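> Chains E and U, in that order, give the protein sequences.
Sequential numbering of the first sequence, starting at 1, is according to the working numbering.
Sequential numbering of the second sequence, starting at 1001, is according to the working numbering.
Please note: incorrect hints may appear among the correct ones.
Unchecked claim - Beta-carbon label-pair distances, calculated as ranges:
hint, chain 1, residue 1, chain 2, residue 2, range
1, E, Ala56, U, Lys1210, 48 to 54 Å
2, U, Asp1261, E, Asp286, 56 to 62 Å
3, U, Glu1225, E, Ala204, 51 to 57 Å
4, U, Lys1381, E, Glu281, 36 to 42 Å
5, U, Asp1156, E, Pro109, 55 to 61 Å
What the hints contain is simulated information worked out from the structure, not anything from laboratory work.
These numbers were taken from a predicted model, which means no experiment stands behind them.
Even for Gly, the Cβ is constructed at its ideal location relative to N, Cα and C.
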Amino acid sequence: MYRTAFLLAGLCLAWLVAAPAGADEAKKRYPKAPDANVPIIPAAWKDAPKSPATPAEIDRLLEQHLKADKLTASPRVTDEQFVRRVYLDLTGKVPTAAQSEAFVKDSDPQKRARLIDALLASEAFSRHLAKHWRDVMLSRATSSLVFIRFPRQSALEQWLFEQFQAKKSWGEISRDLLTAEGGLKLTEPTKNGQVGFLMAHAQADAAVERASDTARVFLGIQIQCAQCHDHPSDIWKRQQFHELTAFFGKLAERPVFAEPQGQGQQRRIEGFRLAARPFGEYRMPDRDDPKKTYAVQPRFLTGDAPPPARTDLDRRKALAKFVTAPDNYWFSAAFANRVWGDLTGQGFYQPVDNMGPLQEATYPDVLFRLAASFRATDYDIRGLYRLVMNTEAYQRQSRVGDSPGDHLRCTARYPTRMSADELWDAVASALGPFPQGPGRGRPGPGGGGPFRRQFGLAFQFRQLFDFDPSIKPDEVEGSVPQALMLMNNQQLNARMKATGDTPLARVLKDHPQDDKAIEQVYLRTLGRKPTPREMRRCREHVKQVGKRAEAFEDILWALVNSTEFQTKR
Amino acid sequence: MPIHDLFLRMTRGQLSRRAFLRTAAAGAAGVSALGWMDAVRLQAEELRKKGLSCILLFMQGGPSQFETFDPKPGASTGGPTRAIDTAVPGVQIAEHWPEMAKQMKDVALIRSMNSREGNHPRAQFLLHTGYVPSGSVKYPSFGAHVASELGSPDFDLPHFVSISGGGGGGMPPAGSGFLGMQYAPFVVQNPTRLPLNTELPRGVDEKVLKRRLGLLDDLEKDFAEAGARPKVEDHRALYGTASQMVLSPRLKAFDVAQEKDALRERYGKNNFGQACLLARRLVETGVTFVEVLHGNWDTHQDNFERTKALSAPVDRGFAALVGDLKERGLLEKTLVVWMGEFGRTPNINGRTGRDHYPRAFSVALAGCGIKGGAVIGATTKDGRNIAERPVGVPDLFCTLCKALKINPRKETLSNAIGGRPIKIVDGGQAVKELFA
Chain E
1 MYRTAFLLAG LCLAWLVAAP AGADEAKKRY PKAPDANVPI IPAAWKDAPK
51 SPATPAEIDR LLEQHLKADK LTASPRVTDE QFVRRVYLDL TGKVPTAAQS
101 EAFVKDSDPQ KRARLIDALL ASEAFSRHLA KHWRDVMLSR ATSSLVFIRF
151 PRQSALEQWL FEQFQAKKSW GEISRDLLTA EGGLKLTEPT KNGQVGFLMA
201 HAQADAAVER ASDTARVFLG IQIQCAQCHD HPSDIWKRQQ FHELTAFFGK
251 LAERPVFAEP QGQGQQRRIE GFRLAARPFG EYRMPDRDDP KKTYAVQPRF
301 LTGDAPPPAR TDLDRRKALA KFVTAPDNYW FSAAFANRVW GDLTGQGFYQ
351 PVDNMGPLQE ATYPDVLFRL AASFRATDYD IRGLYRLVMN TEAYQRQSRV
401 GDSPGDHLRC TARYPTRMSA DELWDAVASA LGPFPQGPGR GRPGPGGGGP
451 FRRQFGLAFQ FRQLFDFDPS IKPDEVEGSV PQALMLMNNQ QLNARMKATG
501 DTPLARVLKD HPQDDKAIEQ VYLRTLGRKP TPREMRRCRE HVKQVGKRAE
551 AFEDILWALV NSTEFQTKR
Chain U
1001 MPIHDLFLRM TRGQLSRRAF LRTAAAGAAG VSALGWMDAV RLQAEELRKK
1051 GLSCILLFMQ GGPSQFETFD PKPGASTGGP TRAIDTAVPG VQIAEHWPEM
1101 AKQMKDVALI RSMNSREGNH PRAQFLLHTG YVPSGSVKYP SFGAHVASEL
1151 GSPDFDLPHF VSISGGGGGG MPPAGSGFLG MQYAPFVVQN PTRLPLNTEL
1201 PRGVDEKVLK RRLGLLDDLE KDFAEAGARP KVEDHRALYG TASQMVLSPR
1251 LKAFDVAQEK DALRERYGKN NFGQACLLAR RLVETGVTFV EVLHGNWDTH
1301 QDNFERTKAL SAPVDRGFAA LVGDLKERGL LEKTLVVWMG EFGRTPNING
1351 RTGRDHYPRA FSVALAGCGI KGGAVIGATT KDGRNIAERP VGVPDLFCTL
1401 CKALKINPRK ETLSNAIGGR PIKIVDGGQA VKELFA
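Kindly produce the complete structure, drawing on both the sequences and the hints.
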């Protein structure tokens, strides 16, 4: 709870409680004082193009900027780099050696576009996207009630997967998440994930947290900074924050009880469900005396009030309509910005969920065109991915700027860390399969079943490497326990051996020539062939160590422990 | 050449190579920075010889001062909590702390702590760093500063360790910020077990590990040159720290099972007690800063029963720690700090709970020259306000710096745009009455 709420609070400058030095610092950093005359929706959005953009159009817009800023774009990625990048971006998995080699050998000039289409149509894309958005939505979850927390992750992922598979639009998905009903049960950890977004928060501060996450996830706006005082660096007023919160003012949660086992037995709680509060309105606290509160009616950020609605569901339906309305620029732009950020490493707004009328952006006109295109296709998710990935901008080689925090201004891809799921898949693909042992640790409430496997290596690994996908990529840091896991973990190392029924043993048997074997090890781990220098060094290593098996174990270990292994480049 | 050379010989690592080059490129700023760093380096070498360390016992959630070190029996706000006498005549603490009462001659109290942060994450950050969270500056945890100032660069274990002491206590509220990964807290999830993956796997010994690390270094070169150099360097530094730890003969300091059973009993056979024991072992071995997180003290409901349950292991562990350190002659060199992010309200709410109260709360200190038995400041009879000698968070941090012989005004280049220097503590004055 502390970690996720801390991330929210960490973005809020302590304007009112800071010493005078703090207030000066705020003024220096945000010279544009919040201006009530700045429109919430850019005026040009009304007349934005109603046709989908083409990749060439986006590239042209960017080219003008690069020329004006006198920047040179990085060269195009090689086929070998492209195939690894695209597989990771769309399926979250490194391509197999066979997949990689087949792509490189293919002589079709359209092969890149075809590969993008093929992967977009795959189930793996839906699954990958579902995991990503599950993390985006639950990274800031504040409810740690075990009955909610255990099923929430898998249920939300499953629901999102089904929506993406059914090719639902982002508009529909967003509306469904905001108007969800029902609940989550420990014993049914994949059912009714539609409530997963709302169930990220529960009880005491749920309304406030739900409003904050609605703005952050669907509009890219960090409105929670305006909870206690007017937002220090954007136009949001405190009143607006609380009026947005009022949309959730009648939503509460109730426990779901299991059937009593026998006579006189206490009923066990097996889950929680959303429930409507029949009476009472959301009350916002007075700024100076938190004990005084005022009832607040819901009003959207644009100032629009919903039609008078008495039920909680009607209210949330109205909110969903406002959020996903075609005239709401931020709805379209937030998704487009995040996709651009996911695919190139850096969004036009950084962090990707810190947008708004007064926030700084790189090339906002390009984002504008992407957002218009997204709207014109009725928020077709695959369409947007197809558009971005067929640009020259997406297909540039990767590099970091002079300072890790520098924005590359779309001249190159920024290398980013793989998510915990992606990294585990890379490990499993290079070293797997792992022998299924009994899961260690007690099963969670609800007995065995889906919980037993949860405490094994895969679970531990994912917990260790997990991070919030919305933070800036240069702020994702490694830790000593992560290094220790890859360096020393007994189970992982057992799979790196050159003897027994391991991937390495098979490679060494199938490829008695060292060069071929080295190549295969590289393809299995990094999805590419070694460079001439790397090949020389590996050959040298085999000679130095003297024993082929041991030398190759070292090489495999080095590749799994390399920076590149964890990086999407 | 000389500048570059001198820098590389600076083993403190406070300034990353990249940041230094940025400053040097700024021309005049680079030249004056040289003189400043020279002075810093000399001071650093003196400090290292002192061998001081710090153990922080952090009660997450905001422990009630009424039910710990500032009881108000008889007042309408005091609730059912009674007060007991301690080894220091005239000083009483809450009834659930009998072991600490016996230890009081070595412990000082500040009853007049106050801050303006009543929000958990912000207040935890404030009480860990001395600053409120900022979007532009990554303030380091005080532990990271202490590790950076006092940690010996030859030391092969992490300088800063954070132990989860149970009761729901979790992740450290602040990391090493702009001081970098070298001073990041190493998190121990379970004090009764060796940290995971610190044993070399079967078939791998020190020779093989070193051979592998050498190979890894070489194989990263092309990736670094292809545009990922800073990431490769960070990765290498991380692996350096991790492998050093694994190969260290001092790694067994993490194994509390090596202690006699009777001593383990004395600390209490629970996660908090064992975490305190682990903390003692770690500082004995040379770790500079150890924090033990315990929670969850956020008693908005059922305050009295819950605080009683929470106090039991902490009373025992804290007292055992101070006693054990004293018996081993380590208390003069080890600063022990007990605190939470704020206190709790004098008013008892409708759920028999107390809510957040940063206006007046308590902190306990021992060791490193702190005057045992001293009580600084006081609250009014009903505990609503500070009656005398208010102590703010910067004052507290200056006091900790004084005990550890660290200069609170020392500046370090931060990550803020332009590399703005940030002091260890901004403002505040040490509480002189705590020192002889």
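> Could you run down the list of hints and mark each one as holding or not?
Hints versus structure:
Checked against the hint of 48 to 54 Å, the C-beta distance between Ala56/E and Lys1210/U comes to roughly 53 Å, which is consistent with it. Our hint of 56 to 62 Å for Asp1261/U and Asp286/E holds, since their Cβ atoms are close to 57 Å apart. In this structure, Glu1225/U and Ala204/E meet the distance hint of 51 to 57 Å, their C-beta atoms being roughly 53 Å apart. Between Lys1381/U and Glu281/E the Cβ separation comes to about 40 Å, which falls inside the hinted range of 36 to 42 Å.
The supplied range of 55 to 61 Å is met by Asp1156/U and Pro109/E, whose beta-carbon atoms lie about 56 Å from each other.
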